[in-house]
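On the provided structure of chain C, position chain B as indicated by the hints.
There are 2 protein chains.
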Amino acid sequence: MREVNIALIGLGTVGSGVYKTICLQKQRVEHKEGISLNLKKVLALEYAIDIPDSLKATDFYADIVSDKSIDIVIELIGGISPAKEFILAALGAGKTVVTANKDLLAQHWPELNAAAKASGAGLYFEASVGGGIPIIRTIWESLQANEITSMMGIINGTTNYILTKMAEEKLSYEEVLAQAQAQGLAEANPKSDVEGYDAMYKLSILSSLAFHARVPVEYIYREGITGITLEDIKYGQELGYTLKLLAISKREGNTVQARVHPTMIPNTHPLASIRGAFNAIYLHGNIVDDIMLYGRGAGDMPTASAVMSDVIYAANQASHKYTTFYNEKDASSEMTFEKNWESAFFLRLIVLDAPNVLAKIAGIFGSHGVSLASVMQKEHGSESVPLVLITHKAKELSVKQALGELSKIKEVTSVANAIRVES
Amino acid sequence: MREVNIALIGLGTVGSGVYKTICLQKQRVEHKEGISLNLKKVLALEYAIDIPDSLKATDFYADIVSDKSIDIVIELIGGISPAKEFILAALGAGKTVVTANKDLLAQHWPELNAAAKASGAGLYFEASVGGGIPIIRTIWESLQANEITSMMGIINGTTNYILTKMAEEKLSYEEVLAQAQAQGLAEANPKSDVEGYDAMYKLSILSSLAFHARVPVEYIYREGITGITLEDIKYGQELGYTLKLLAISKREGNTVQARVHPTMIPNTHPLASIRGAFNAIYLHGNIVDDIMLYGRGAGDMPTASAVMSDVIYAANQASHKYTTFYNEKDASSEMTFEKNWESAFFLRLIVLDAPNVLAKIAGIFGSHGVSLASVMQKEHGSESVPLVLITHKAKELSVKQALGELSKIKEVTSVANAIRVES
Numbered sequence: 001m002r003e004v005n006i007a008l009i010g011l012g013t014v015g016s017g018v019y020k021t022i023c024l025q026k027q028r029v030e031h032k033e034g035i036s037l038n039l040k041k042v043l044a045l046e047y048a049i050d051i052p053d054s055l056k057a058t059d060f061y062a063d064i065v066s067d068k069s070i071d072i073v074i075e076l077i078g079g080i081s082p083a084k085e086f087i088l089a090a091l092g093a094g095k096t097v098v099t100a101n102k103d104l105l106a107q108h109w110p111e112l113n114a115a116a117k118a119s120g121a122g123l124y125f126e127a128s129v130g131g132g133i134p135i136i137r138t139i140w141e142s143l144q145a146n147e148i149t150s151m152m153g154i155i156n157g158t159t160n161y162i163l164t165k166m167a168e169e170k171l172s173y174e175e176v177l178a179q180a181q182a183q184g185l186a187e188a189n190p191k192s193d194v195e196g197y198d199a200m201y202k203l204s205i206l207s208s209l210a211f212h213a214r215v216p217v218e219y220i221y222r223e224g225i226t227g228i229t230l231e232d233i234k235y236g237q238e239l240g241y242t243l244k245l246l247a248i249s250k251r252e253g254n255t256v257q258a259r260v261h262p263t264m265i266p267n268t269h270p271l272a273s274i275r276g277a278f279n280a281i282y283l284h285g286n287i288v289d290d291i292m293l294y295g296r297g298a299g300d301m302p303t304a305s306a307v308m309s310d311v312i313y314a315a316n317q318a319s320h321k322y323t324t325f326y327n328e329k330d331a332s333s334e335m336t337f338e339k340n341w342e343s344a345f346f347l348r349l350i351v352l353d354a355p356n357v358l359a360k361i362a363g364i365f366g367s368h369g370v371s372l373a374s375v376m377q378k379e380h381g382s383e384s385v386p387l388v389l390i391t392h393k394a395k396e397l398s399v400k401q402a403l404g405e406l407s408k409i410k411e412v413t414s415v416a417n418a419i420r421v422e423s
Numbered sequence: 424m425r426e427v428n429i430a431l432i433g434l435g436t437v438g439s440g441v442y443k444t445i446c447l448q449k450q451r452v453e454h455k456e457g458i459s460l461n462l463k464k465v466l467a468l469e470y471a472i473d474i475p476d477s478l479k480a481t482d483f484y485a486d487i488v489s490d491k492s493i494d495i496v497i498e499l500i501g502g503i504s505p506a507k508e509f510i511l512a513a514l515g516a517g518k519t520v521v522t523a524n525k526d527l528l529a530q531h532w533p534e535l536n537a538a539a540k541a542s543g544a545g546l547y548f549e550a551s552v553g554g555g556i557p558i559i560r561t562i563w564e565s566l567q568a569n570e571i572t573s574m575m576g577i578i579n580g581t582t583n584y585i586l587t588k589m590a591e592e593k594l595s596y597e598e599v600l601a602q603a604q605a606q607g608l609a610e611a612n613p614k615s616d617v618e619g620y621d622a623m624y625k626l627s628i629l630s631s632l633a634f635h636a637r638v639p640v641e642y643i644y645r646e647g648i649t650g651i652t653l654e655d656i657k658y659g660q661e662l663g664y665t666l667k668l669l670a671i672s673k674r675e676g677n678t679v680q681a682r683v684h685p686t687m688i689p690n691t692h693p694l695a696s697i698r699g700a701f702n703a704i705y706l707h708g709n710i711v712d713d714i715m716l717y718g719r720g721a722g723d724m725p726t727a728s729a730v731m732s733d734v735i736y737a738a739n740q741a742s743h744k745y746t747t748f749y750n751e752k753d754a755s756s757e758m759t760f761e762k763n764w765e766s767a768f769f770l771r772l773i774v775l776d777a778p779n780v781l782a783k784i785a786g787i788f789g790s791h792g793v794s795l796a797s798v799m800q801k802e803h804g805s806e807s808v809p810l811v812l813i814t815h816k817a818k819e820l821s822v823k824q825a826l827g828e829l830s831k832i833k834e835v836t837s838v839a840n841a842i843r844v845e846s
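If you're matching them up, the sequences are chains C and B in order. Be aware that the first sequence starts at 1, since it is given in the numbering used here, and climbs by one per residue. Be aware that the second sequence starts at 424, since it is given in the numbering used here, and climbs by one per residue.
Looking at chain C on its own, in the form it has when it is part of the complex (with noise of 0.2 Å):
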């Protein structure tokens, strides 16, 4: 039977996954796949978890890049500093790195991408985005002959449970967050799961490999929930949406948008039947149509079937393979990043009860090229009224200077709340 000698660094939540994996399902690898994995060394602050002393490293570099035996890394430590300069030994090294730093990737992916073909090691990542769902794997080994033209993707697990618990239980946001952060489901400082920047950063890594283009993060729109109110998700029941956070990037050509941000899609699309702290990715390619992936995006166990996967694969490689990005030096030399897209939108206005009040409305929307496909107005007799509409698709700016003209008129008090509408 061949060994694979496998060193970890990082005993975290998802380390200690990889670890407890390891020890739980190496009889069972060694039967279906021929391969003994061989835990050699592990690398940790704190060992939280019981290791027997003879696995513990000391110094990454005497104990790990410089045993020859050691076939693949497994680096789990996060961050950018001293992940980068880890994995980077590593590959120069000639170990293959399984890695699950989506920070990391997104930023520096090129040269990591560089260090890993000069060496012939390979670079693989699925447990960056989407926790245990194979996403990274079905992009690069399951739609190569397709050409994928969009991505819709539930890809935080916090905001998806905050956005389902609070349409499910009617509660709002703040109380969702936290009693998500007393069930350990948010973190105290929530800002990268809430301001959709966990969100970005997974899009980047998803959207460079589907379109293999880089597609930076800071090409990518971002806008999370925390302006969201039980309102806007009732309003949107009422006319047949789920508000979703969502991932959305879409090749034409040369030309990508990509953005976080909450959204309204129809109920019947598969996206908005996944609750909870599930992710699910959604994709079309030319070929294929559509398709869709689903599993847990986070936790111990699932990240560690990710992790794991990529190891037994690399395992089975003769030779590695690489992305190729058309834009690899620049990335806004050879790609267009459209920042004046086109979607419809869910609006929720406080307008005066008073006559003509629509079509006053409806009027400078349409001086903005924005028409208007449904529009709902439930209460009456106050002064001030909540009003909402959907729009027909529309460019970004085209809807954004009508919003803006709007908010200076008399009869709308104001702009509550603008979501973009996907189907």
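Keep in mind that the hints are not guaranteed to be accurate.
[Unchecked claim] Quick look at which bits of chain C chain B covers, simulated, 3 or more residues with Cβ under 8 Å:
id: 1; segment: 123 to 136
id: 2; segment: 140 to 154
id: 3; segment: 268 to 274
id: 4; segment: 315 to 329
Just so you know, the hints here were simulated from the structure itself, not pulled from any lab data. Backbone N, C-alpha and C define an ideal beta-carbon position, used for all residues, glycine too.
Leaving out everything else, chain B in the frame of chain C:
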């Protein structure tokens, strides 16, 4: 650039899709994969699409098996013979075979596998189940570290189309089937789909692969949708359930249960939202937890996407992986195939509208160890009224015995339907 020489056998729906995909995507594959897809020969009984004469083969053995330059044979003629002879000859000549032939695989997999192993050729069959959905590769190359313990799939598009249409438009089975036949979505003789044979073959392949144990079709319980009425669907909806034809298999130790039958699932289950002709497979692995893949389960281009993913994948492998079955020779020697599994039941009875009827019915269920989870009786006044029951989980045989006894008492006019419930 590395050339991969391909022969394509069969030019029906999927074969034509493969031909088109090679023409359309050749350049893209060259750029992304560094592989030049070179279609050398096409063999078909009829050439319904325009193919250069130089590509047309007349004899499989002389033109394809004997052509040493051909690396990969794509078999899309379907059926057992001559597909089996062709595949064995190609494998014997060391040529990798890519096939969509679910009947052949379900019935002769060990023999094909042995031929592939003997010559070192690859045997790939992503397109045999789930059209464009990469479920085979996911089990094979993404869930390697998992023990897959259960699987539920919507793997027949025709029946899912029929059930969706009945539920959404409140039409009878007969009406929708006729519509589907008129539109070419169901065959003139729909037996293979509506009686669950197609799903049974696919479940055999998926379960065998997932459990690493052959699950031959003769051990799969099969029940189609011909007995489903709009009443069943409507009562299910009132109780929060969606009716689907599910292919289900579960493994516990060396005991496997495998069954295809109409199933009520909670509306909140991800499979409940799979509409129309789409397919989805929902898996549970001991490490990854729950995972679902969704996409088009049929059609020329989606299935071609799966075929071409196998061709490109195979072309990138220095050596090929083979499935190993615990019960290679005699399926039942190492495995137990459970017929008396546990599941909840949705029961629609027609009963006399008289006092104590429910108590008597509950008593009979109780005497067989079957307890009731919920009861719905909406109509009153006429002599016979519908009574809908949901049981707790119970043994298959216990429920059948209880129903047999019930059908004999005067208070029960008839057992209109008994549909299993999964959650």
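Against which earlier hints does the structure fall short, listed by number upward?
-> none
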